[in-house]
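Just so you know, the sequences run in chain order A and B.
FYI, in our numbering the residues of the first sequence are 1 to 342.
FYI, in our numbering the residues of the second sequence are 343 to 429.
These are computed hints drawn from the structure, not numbers from a lab.
Certain hints may be false.
To be verified - Covered stretches of chain B, as calculated for chain A (at least 3 residues, CB under 8 Å):
1) 347 to 360
2) 387 to 399
As the list claims (entries may be wrong) - Restraint-style ranges between C-beta atoms, simulated for each label pair:
3) 83/A - 414/B: 17 to 23 Å
4) 370/B - 134/A: 25 to 31 Å
5) 94/A - 343/B: 40 to 46 Å
6) 361/B - 153/A: 22 to 28 Å
7) 382/B - 185/A: 32 to 38 Å
8) 152/A - 361/B: 16 to 22 Å
9) 63/A - 422/B: 43 to 49 Å
10) 224/A - 371/B: 47 to 53 Å
11) 388/B - 83/A: 48 to 54 Å
Quantities reported herein were computed from a predicted structural model and do not represent experimental measurements.
No residue lacks a Cβ here, since even glycine has one placed at the ideal position from N, Cα and C.
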Amino acid sequence: MRCEIVPPYLLQRLASLDDPTFAQASAAARHSLLVERPWRGIRSGESAPPTSAPRVPSAIGRSLQEAKRTIFDAQNTEDLPGMKVPDPAESEDPAVTEAFAGLGHTHDLYRYEFDRASIDDNNLPLDATVHFGRDYDNAFWDGERMVFGDGDGVVFTRMTRSLSVIGHELTHGVTQYTANLVYSGQSGALNESVSDVFGALVEQRVLKQSVEQASWLIGEGIFTDQVEGNALRSLKAPGTAYDDDVLGKDPQPAHMDDFVVTASDNGGVHLNSGIPNRAFYLVAEALGGNAWEQAGHIWYSVLTGGILDAHATFAEFASATVDSAGADASAVTEAWKAVGVL
Amino acid sequence: MKISVSRSGGLAGLTRTWNVIVDDQPDREEWMSLVSSLPWSSRPRVLPQPDRYIYVIRCSRRRITLPEQKVEGPWRELVNRVQSAAS
């Protein structure tokens, strides 16, 4: 019997359950999915499905599976996905092994710290392409996969060298499946900031670094030795990550007084992200300990809680974090006040 | 005539600009032919993808903004030529 009241995302989750207790429901859900319009992921810019519906908690059998990782090699073309790498864990190509390990570490952060089954919370396989383009100084999330360039060897080395960059790209996928923040203006800067925050947390968790021990840098190690700089961005001190003759100085603002109004970069999404980045750091600093166990949970609940508008402003996001902070609400409020948002 | 290619966005959020004075180029006629063949009035619409580059190409009074994914065909040829002639 076709059950139309069950929304497709819930059917999808039921269909994936591998606990024998739910075998019948799982089979029925799979059948229903077959007769329904085939499920597809949300694409950037589309509305996310409502997330206020009841979750199927892992306590009653939702499966949190191992990461299913596949690495492809674009062989310095821009053709995606590229050639599948047969055994990435054993590859002698560092771009392949770094991407493979980075996907695993990011998957583990979401799985073990936030009870999330991959980026879609439904065990979506993780695909990455390395060696994209020639001298390509960039990495991006195209809605389906992470894509990494080798760098030009003059300013940038290969993008996979930084675990925070890999975590950043995968988190764009998580955002796409959850708050789906529109990639422009303040909501775009929040989209960027969330990727920086969880990218930093992936790295801190692997390195077992507390708030005090962590570098709070994004992209450490992807500049060549010729560049005067440590990384692309600093959450702790936006605007200080690099200061180079050729690249200039890190232009990120750390306070609303310095908010950058520009048409470039989708309205400065990589610039103004410095403001919410700094707010997250201040919350983490106030709460102490390991950031992924404290401040990270407040941010994660806002990102995935179905409470944010896709066009959310900094102030709306800030209010949502205060509302989600429970006993830590005053520390969160102070952090956003310190960067001029509240 | 000057052609300017400005690339913003990308994971690093670094803006780079390349300029070429066409009149100074040895193959000036080829440049002029390429520039006149470009679909300046097209407005390709794609949803922004995280961390992708955005190109702004200017030539005299003409100007176009293209997401990286749409820098293809003659636009790709122009961008490649400007980048190699400027560096």
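Among the hints numbered above, which are violated by the structure, and what are their numbers in rising order?
7, 10, 11
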